[in-house]
Structure formats: structure tokens, C-alpha cells
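If you're matching them up, the sequences are chains H and Z in order.
The opening position of the first sequence corresponds to residue 1 in the numbering used here, with each subsequent residue numbered one higher.
The opening position of the second sequence corresponds to residue 303 in the numbering used here, with each subsequent residue numbered one higher.
No lab work stands behind these hints, which were simulated from the structure alone.
Check each hint, because a few of them may be wrong.
[What the hints assert, rightly or not] Incomplete in silico selection of chain H near chain Z, CB under 7 Å: (1) Thr46; (2) Gly47; (3) Ala50; (4) Ile51; (5) Ile163; (6) Ala189; (7) Gly246; (8) Gly248; (9) Ala250; (10) Phe265.
All of these numbers come straight from a predicted model, not from anything done at the bench.
The beta-carbon is built from N, C-alpha and C at its ideal position, and this holds for glycine as well.
Chain residues, written in single-letter form:
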Amino acid sequence: MTGGAPILSRRTGFFFLLPSLGFVSLFILFPFVWVFYLSFTNQTLTGVTAIQSRLVGLANYHRLLDFETWMTSGQFGNALRISAQFVVGSALIGQALLGLAIAWAFYRWRGAFREIVYTLVILAWIIPDVVVAFTWMAFLDRDRGTLNAILQLLRLAPVDWLIQQPVLSIIIFNTWRGTAFSMLLFSSALATIPPSYLESAEVAGASGWQKFRDIILPLIRSHILTDIILITLWTFNTFTPFLITGGGPAFKSELVSIYTFRIAFQFFEFGRGGAIAVAMMLINLVLALTYLTILRRQGVRT
Amino acid sequence: MPTIELALTCRCVEGGVNANMVKWFKTYLAPKFAEKMKAEGKNVTAKLVEFGGSDEALKEQYALDLKVGKGYDVFAFDGFWVPEFVAGGLLKPLDEIAGPEVKQWEGWGHISPGLQQILGYQGKLYGIASGTDVREIFYRKDLFAKAGIAEPWQPKSWAELLDTARKIKKALPDVTPLQLNAGTAMGEATTMQGYFMALLGAGIHMYDFEKGKWIAKSPAIADALNFYKTVYVDEKLGDARLQLLKDGRNQSFARFRDGKIAMLVEGDWFWRSVIATGEWKIPNRNEVVSFAKMPAKEPKKGYKGQDFVTISGGTGFVINPNTKYPKEAWALLSFMFSKEPLMAFQELEPRIRVRDDVPVIGDPVMTEMAKQLLGLTTVRPMLPEYPKISAEAQLLTERVVSGEMTPEKAMEAYAKAVTALVGPDKVIELK
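If we strip away everything but chain Z, and leave its shape as in the complex, we get (with noise of 0.2 Å):
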């Protein structure tokens, strides 16, 4: 009976990145997979391919690979890259790829409809997700306690969060008080953990959905980038230097971690991973990390006329149309997304999972942040365009911390990026 090696990647080093992934691969999937599949009477093994650089690298790396026909099996995919991918022919539905079994799988009536588009487009199922997330303020309490500052801490505007940043910079001049993200250097941990962070508060989202249309210009733009001014340029209660260099969000964890940096906005995933394991674990982050939700400009500002705002993403694996092994890769995929393989990653990573029979177990922090902030939430629009405009979001947020632009001039250049992208018909402009 001939051996059938599977190949799969996502961004995740032993030690290092999304290190809870290899532990889980080696320790529990590779073996209890073989397992599985000798019990059916075949010889499938799984190894993992991990990858050290950005998330950006990575997807050059798909797109490339995908192009010329080859690539690993199974690999770990963002969301919003889908449609970019679908469109250009790279990705085929799962059902194309492994046949009917992948309709009759059990999973899917554990994952509500809107859980399964994470990793789909326009109503085809490419992958399966791992799972979503909340992005707030991550705010180290020993800081807060030396500069005085009462907990639990929860700001209700802008103002009140700048007054905070204001105290510890007054309190602990060697702290960077606040950080959110903005530049070219981080990608999307820019448009989604700062820009969108700040626009929502500011009232809008990049995209009328009910319109179908770009929102180039707004007083909200120029409200959340007036707030990066603030922040950066004027009162320099952020540091731009993590910003615009290279490897600008790596530092920032590190400086957090160091307890140099003391409100940092991310994702829940820096909550579960990055400070929970790896090269910038917290032993001790439950004492002295909480979260906070980020504020609206002022309550009930926001998005929606929201008091607090927050977006969501999600990320999953997705199977490679070049595959010379569909049906084994289907098997391995969604014995991945099984059950009890799910709970096993629970034990070392616990998180928002997609799957309703898989709880967050162990981390009551984790359980607030998905209760406070998933009704708050919000996706970005899934359409091919949609990464070119993020990239022009993140180019708006360098020229206003950079100092480069005012945030007028830079709203003026970024609404001729989006309209000579999009088209004129495709964008509004409010006034």
C-alpha cells in the first residue's frame, strides 16, 4: 500500500509565530490523523511546512505558487484574501475540488452560514475556519497602577482615552503610552487593528454596503486621522518610529512585553498567542494584561451610532485546486476541523472557534471579549478590490503619523487612489 504524504503551511514557527499551531499539528493532528486513516485502511501521513515571514510574504507566496500550478496541500488563508483569489482563478470551491463527501461532511451544521462565508465567495465554500476574532485595547495594569490610574479602565470617548495616554505619559516619561497601527510596514494588522479602529469610532466604514460603494472623502476620515495626529504628530503620545519601520509590529510586541508600550490596540489574537506563547510571552499576563473596548469619538458616534466599535476577520485552510491528492486532503482538513481536534487546540490556544459544540474553555478573559465585542462587530466588504483599498488606507495613516501630510491633503490623495482603482461610479464622497 504506497504512503501519501500531505503538505501543509500556514505562518506558524516552532517557538515563535502562532507557535500553539505546530504544538497542536505535531502533538495531536499529525498522529491522530495516520491513526485515523490507518483505521480506515490507508496510509496518509501529514507534515507541516512552517513559515517565519509576514503574513503579506506568505500570500505573494500562495499567489505565486498557485499561479505555476504547485504549492503545499492544505494551507492556512485569510478571508479576505479569498475573493482577490477566486477571482484570478487560484482557488477552486472545496466541493470542485474533493467531490459530494465534502457536503455530507457533519461540521457544517455545527458552523451558522455566516461563520461558513468566512473562508467563501459570492455563496462557494473555499476552506474552513479556524475561527474569528474581536480587536480592543490591550492595556498592561502594572503600568496603569504606577501611573495611578483606577481599573477596571474602560474610556468612553476619544478624549478620555487620549486623557489616559496624556496621564501615563506624564507619569512614566520612558513608556510609550498608546500604539495604533498605521503605516505601509504592518499591512493589514494597519487597516484592521488601527485605521478601521479609528474610522468606525469616527462613525463610518470604508464601504457603504447598501449603496455598493467606496466612501472616498468624509468628515469621519478626516476625524480618525486627526485622532492619528493627535496621537503621533502633535502630542506624541504614540510612537511613529514602530510605524514605519520594517519590522515595526514585531518591536511593538516586544515593547509591550517589556512593558514599554502601555495600550496597545490588536486583535485577540496577540491575547492567545502572541503574549501567551513564544519569544513574547508574559509569564504572568493575566495579572498584568486586561482589555479594554476602543470608544467611538464620542457615545453613540460610532458605527452605527455605537457607543464602542470593533471589526472582526478570520482566517482558516483552505485546500490547494492542484492537489494530487483532493480526497486525502479533504479527509485531513476536516479531521481538523472535527470536534475533538478543535477541543485539543482549545487546551493550548483558547479562542473564538466557529464551531457552535466547541467553547472557549479556560480563559475567562477570552469569553469577555467575545461577549462584550461580537455584537459590536463588523467585516470588511469580501470583494476583489478590497485589498488594493486597504493598502491605500494604510498609505492615508503613513503620510498623516509620518508627518508627510495633513490629514486633508492626505484624504484628498487617498479618494484619487480609490476613484482611479474603483472607478468614479463606485465611490461616494460625504460631505
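If we strip away everything but chain H, and leave its shape as in the complex, we get (with noise of 0.2 Å):
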């Protein structure tokens, strides 16, 4: 071979690359297209529209963003609101720092005792979601649910979680749900740092948090970063709250993911659901741009 020449030639290449490009086409670029397209229009599934649905321009976008009401209950700037509590509370406060806590509590420890935690968290990860769901209904009950009799037990008032408390009920429930992927992303992160680097600090005198503060922490910044990238869109786009809550009572835990699903699938109306939808992808694709520039950053520092 000379002078570093591609081993297939332009063709050869591209022509291996087919199938995959027409799968991403068929299932990614095709719907957001289409879904795109629908945003501009008043199709709906059932009633006239849809037979004779035409394009509306923006119609869609102006109501969604109706700025007069739209953080009343039942509308998108209240979805989004809740979005949020639930993105900050679940996966940033909730899994990224449970799992780091976690990784780190066992850091460098091995035994029955580990093995037991991580399993529980993972299994955790794995049941399926309708399972997961009733479990926490059941769990949340106020009248019979396993947290207010503990609660109970320990003389303390039960809490009617589903009614009086939905969102943290959800933040709670997700947390749980989803701080395996962190833990385990955070303890192999850990066993990737040299053991002699903490014992150098231990013989230098340095407390536990400062060993924390500055090995660790610098070490695995930048799996912090994509960790936190990956679990915000995902927390961001779930729909699992939706069958513990259905988004209720009275809207108070209705996700940017469920406003959706009601809209397109529940009131039928693809057109409005379609302007959401892009506006979600909007969302999403600013999130992971400001995670990722923030990353290219730190990349070009270290």
C-alpha cells in the first residue's frame, strides 16, 4: 500500500455504508421530517381535519406559545416548568450525585456488601417500566402504600405523595429508577485513577475531601459531563411518570413528554402534537450543544 491510499475505494465505501444510511433515513431523518412538516398544519387523526387538513404557518407555534396563558395548568409553558423541576431534581441532583456518592462510598471496596448495593441498584434499571409502575403505585398508596407505613412506624404523619406531592413523587421514583447508569459510570470512571496518586495524598496528610476534591474530581470531570449530558435528555424525553400519575391530579406532574402525548394521541391532534414535538427536539438539541461545547472546552484546558 502506498502513501496512506484507503484500503476501498470512494464507491466501495459508500456502497457499505448504504444500508445503514437507509435505515437512518428510514427512521430518523424521514419522521423528523415528516413530523416537521405536520407542525405546520391542522391534521388531526379523527373529525374533518383529517381528511382535509392544510397548512395553518405557525398557527400551531403561536398557540403553544401563547405567553397569556400559557403557565395555566394544562399548557406547555407549565409542561415545561415541570420539566424542569423534574430534569434538576431527578438527574442532576438525584442520580448524577446519588451515583457519584455511591461509586465513591465503594471506591476501592470489594466484598458481599458492594455486591449487594449494586445489584439492587441495577435491578432497579432493568425491571420494565409497567412492572416499575405499579410497584410505585402501590408504594406511593396513601392508604396502603409501603412508604407511609413506614412512615408510620417511625411516628411520623403519612403523606398523600400522588396528590399533594406529585413532582417530587416522580423525582424520587426516577431517581431511583436511573441512578445505576451513573453509579456504574462513575465507578469505572474511578478504577481508571492509579491508586498511587490517593496513597501519595494520604501520605502528604490530605483529608478524605480534599483527596476527593482535587484527584478525583478533576480526574473524572469529563465523564461527569457526559454522564450529565446522557441522563438530562433521557430524563427529559421519559414517559414512564406517566403511569404512575397520568400527569395528574389536575396537570400538577404533566412532563413536556405527556403534554405531548396528550395533545397528539390523546386529543388526536397531530398538527399542535407536532409542533411540540419539534420544539422538544429544539430543546434537546440546545442542551446537548451547551454540553457539548462546555466539554470541548474543558477537552482543550487539560
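Join these two chains into a complex; the hints should help.
What follows is the structure in C-alpha cells.
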């Protein structure tokens, strides 16, 4: 082979790429373009506009961003606010912090206790959604729920979780549900740190917190960012809380994903649903770009 | 001779919701239908696909199935869904699907034109109705006796109804006195068994049939909402939790079964199915449960000047326009609604049937409900936009019972939403 010429010709390479390009176009590009188009129509699934739909310009977007009403219950702004609480609470504070805490707590720990904790956390992650949802409905039930039974054993007043604290309930749920991913990512990140770093720090008399702040954190910074990008996007798009609260009571736990579902598949308004989906995609894009930009800058600095 | 297997679906589960339907299908309909077809020299059988979700989930499934040209051959359908499905091109008239023999069916002669239209739209028929229904207050006689309330009980105004509820609250503190459906979680059950019952009692309908317009604002709407507010917010005579929880309706059935709800406004389906069989069965139903008519706000102040109010809907079965076997599907549908199969069903679950030769048998309470209430009843407007307005009405009640908005604010929001849905020329505001 001479001078770094490619193994395959351009044409052959393209030929090998074709199948995957086909699938990407069919299952990602085409639906994206189609939803984008739908968002400018008044297409519905039932009613006259199911057959005679027409282009309505930006009407769906205007309705979505009608700032006079958009923070009232059951509107887009309201759903966006709840989604933000949900992402900050369950992904950033819940999953990432808890995952890091567990990984750090068991750092260089070998034994049965670690295996038990890891197995339980991972179990919570791999059980199917519907099963988990039923378990949590039973767990949070006011009258016969396990959580209130525990509270009462501790002489605390029972809470009507799903009615009084719907957002907190789904935040706790999602933290429980998804911490495994962050935990696994962080524990493998920690495993790459040479033990000698920490041993030298110990010899120099560093405290546990100092070791964590000055050695661990800088070394796993890029892992933390990757973790945050992924779980933020997953959490923003997740639909499982619907199975527990249905978005209620009175839309108090209606995430953007549930709002989209309600408009598109319960009200059958594909045009409006499309507009919300496009807005969601843009938000995802902005989130991902922000994180990636930060990640790139970090990379340059180290 | 090839075997054809027809599939039929409904919201029905063995031992669960609408359990009698499953029983009827398995013990009578399927074997008899196969027998009948065999006698005609055809090998046709029918199987049932049980659906255990909510009505709303079933509707969603139908819409999506039909849109992509799929779905079961024959399926249970709620009459008020027909207009939007027909307008959306998802359903076709029976004779267009199965041919001219539809018109020759002997059954049409036994179903009045009005009842034929339960599954009709703009003069065309899309299915056959199983029956019609009425709504009323069901109450626990055992709890009434404990609270010292005389029987038979029939309130003549909202004030009397509330008084009874207050007495029960005082005498039996762990019992919820009165439950009137509200909220979006219950879907159409809120509109029919809750909001309509209050609104008609306050003197108006959601829709002005003469002018062909939706009533977006009215003192009567405010009255109905204030009634809700009294029950759920001010005096806590009802439990608002049940109206807000995702599975609140099932929980209200269970609480009524367990003697924890004293009065529940429901359709006659509650009597003949929910507490008669399956999960929420009350074994001594006839001894402990009775019904009363829903009073107007005050005598003569109800819809059309009535003293008492109720509203009827109707469900039935339609044929899928995408069926591969239209003739056989029609054979199954028309057989289901022939006299003998229906009489067999009446033995399991007596109800108001649409056929004039199929009476209510063996259930004096059901007969009495029909007698007292059918004359007072009204129906929903058969319009494609109705389900959306209905969803707004559910939201309207939810905003009041959850304490999120005052009745006045909630009505403002409702008026705005309805106007946005149908346009300003299709709404009126009453003063």
C-alpha cells in the first residue's frame, strides 16, 4: 500500500454505508422531516381535518407560545416548568449525585455488601417500566402504601404522595429508577485512577474531602459531563411517570413528554403535537450543544 | 371449505369489567354463531379479544388501528365517538361495507329510528346499539339506616341532597357522603355522570340545539360549578382525591362496594354490571343499594323546566371498514342483535335494550329506572367537535374541585377554550 491510500475506493465505501444510511433515513430522518411538516398543518386523526388538512403556517407554534395562558395548568409553559424541575431534581441532583456518592463510597471496596448494593441499584434500572410503575403506585398509595406504613412506624404523619407531592414523587421515583447508570459510569471512571495518586496524597496528609476535590473530581470531570448530557436528555424525554400519575392531579405532574402524548394521541391533534415535538427536539439540541461545547473547552484546558 | 375466524373486541374482561359480555360471548354467542353459519354451509367462527384498559385508551387504539387500515372485524363503540370518526374517514356506513342485505335485516323493524341513530351520523348507520342508558343517584340503604335517614329517599332540590349528605357526614364520619364525578382522569364519565347532571339541574344543556351553538358562559354554569365547590371544597361532602387520581373511578367503585361512599351519581351500567358482577360485585346488591332521581337545583328549575334530570348515551358495535370478511362480519353483528341472543344476554344482565321485542326481564329496579327516567332524558350533540368540548368541561370541573380556580375564573377559561375550538360564531353567552 502506498502513501496512506484508503483500503476501499470511495464508491465501495459508500456502498458499504448504504444499508445503515437507508435505515437512518427511514427511521430517523424521514420521521423528523414528516413531524416538522405536520407541525405547520392542522392535521388530526379524527374529525374533518383528518381528511382535509391544510397548511396553517405558524398557528400551532403561536398557540404553544401564547404567553397569556401558557403557564396555566395543562399548557406548554406549565409542562416545561415541571420538566425543568424534574430534570434538575431527578437527573442532576438525584441520579448524578447519588450515583457518584455510591460509586465513591464503594471505591476500592470489595466484598458482599458492595455486590448487594450494586445488584439492587441495577435491578431498579432493568425491571420493565409497567412493572415498576405498578410497584410505585402501591408504594406511594396514601392508605395502603408501603412508604406511609414506614412513615407511621417512625411516628411520622402519612403523606398523600400522589396528590400533595406529585412532582416530588416522580423525582424520587426517577432517581431510584435511573441511578444505576451514573453509578456504573462513575465507578468505572474511578477504577481508572491509579491508586498511587491517592496513596501519595494520604502520605502528604490529605483529608478524604481534599482527595475527592483535588484528585478524583478533576480526573473524572469529563465522565461527569458525559453522564450529565446523557441523563438530562433521557430524563427530559422519559414517559414512565405517566404510568404512575397520568400527569395529574390537575396537570401538576404533566411533563412535556406527557403533554405531547396528550395533545397528539388523546386529542388526536397531530399538527399541534408535531409542533410540541419540534420544540422538544430543539430543546434537546440546545441542551446537547451546550454540554458538548463545555466538554470541548474542558478538553482544551486539560 | 376454508375457515374464517372473525375477531371482536370490547372493553370487557373475564371476571373484571363488563364480565357479562365475556360470559355471553363465550357461552352463547360464539357457539351459536358457529352453529348457525354451519347450518348455512359456511365455516365461520368468532373469537373475542378482551381489552382491559380505559374507554379513552380503547378509543385511541381504534383511531390508530383504523388509520393504518387495521383493527378487529367487529368492535364495541361509543355512540358519541361516531361523528369524529366518520368525519375523519375512519368508519363507513354498514350497507357500504356489507352490501344491500343490511337494509333487509328484520331487526330494523324493531328499533325505533331515534335509537338506530345511536351509532349513526347524518342519517347513515354505522353500527347497532346494544342499548341506551340513564343516570341517577345510587345510595347505600344500609348507611342511610345507620345515619337515620328515612326511606324511600328522593331529594327534590340540591339543598335537600346536600342536607342528606351533611347528615351522613355527621353520623358516619368515615364515610364519604356524596360523589359526583369531576376531573379529566375520569374522561367522559365526568361529563356524563357529573357535569351534565349538575348543569342540566341548573337549567341548561352544554349546547343550544335550536340555535346550533355552544353555551360558553351562563349563570347556570356558575351554579353547577358552585354546587361542585360546595360538595368538594367548602364542605368536603365528597372526596376530591377520587376525582384527581388516575384510577379514581375504579377506587370510587371499590369504596362504594365497601360501604365507604353513601351516594354515587352513576349510569345504570353501574347497577347492572359494576356492582352486579366481577371485581366490585355487591352480593346483596338488591338489599343494600337503591336509586333516586337527580333533582334540579330547585323544582321546575331543571333543563326544560323539569324537576329531575338525566342524560342518555348509548354504546354498541360497529364493523371495521377494513375487514376482510364484510359479509360474515355483518352476519355476526346482525346475529348478536337478533331477539334470541339478546334475550340470552338479558338473563345475564337485564338492561334497556333498543329492540322493542326485548324487554328488561327479572330486574324490577332496572325496569323502574327506565320507567322513571327515560321520559326525562336528553342526549349529547352528535357533532365531531363534541369530544373536545367535553374534555374542556372535564377540565372545568377539575379546576374547581381541585381548588385551583374559583367557579368564575374556571368559567372564563372554559369560555375562552370553547371559543378557540369552534370559533366565536358558534358560541353564545347567556346572562
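Hint check results:
| no. | hint | in the structure |
| --- | --- | --- |
| 1 | Thr46 | 4 Å, holds |
| 2 | Gly47 | 4 Å, holds |
| 3 | Ala50 | 3 Å, holds |
| 4 | Ile51 | 5 Å, holds |
| 5 | Ile163 | 6 Å, holds |
| 6 | Ala189 | 39 Å, violated |
| 7 | Gly246 | 4 Å, holds |
| 8 | Gly248 | 6 Å, holds |
| 9 | Ala250 | 4 Å, holds |
| 10 | Phe265 | 6 Å, holds |
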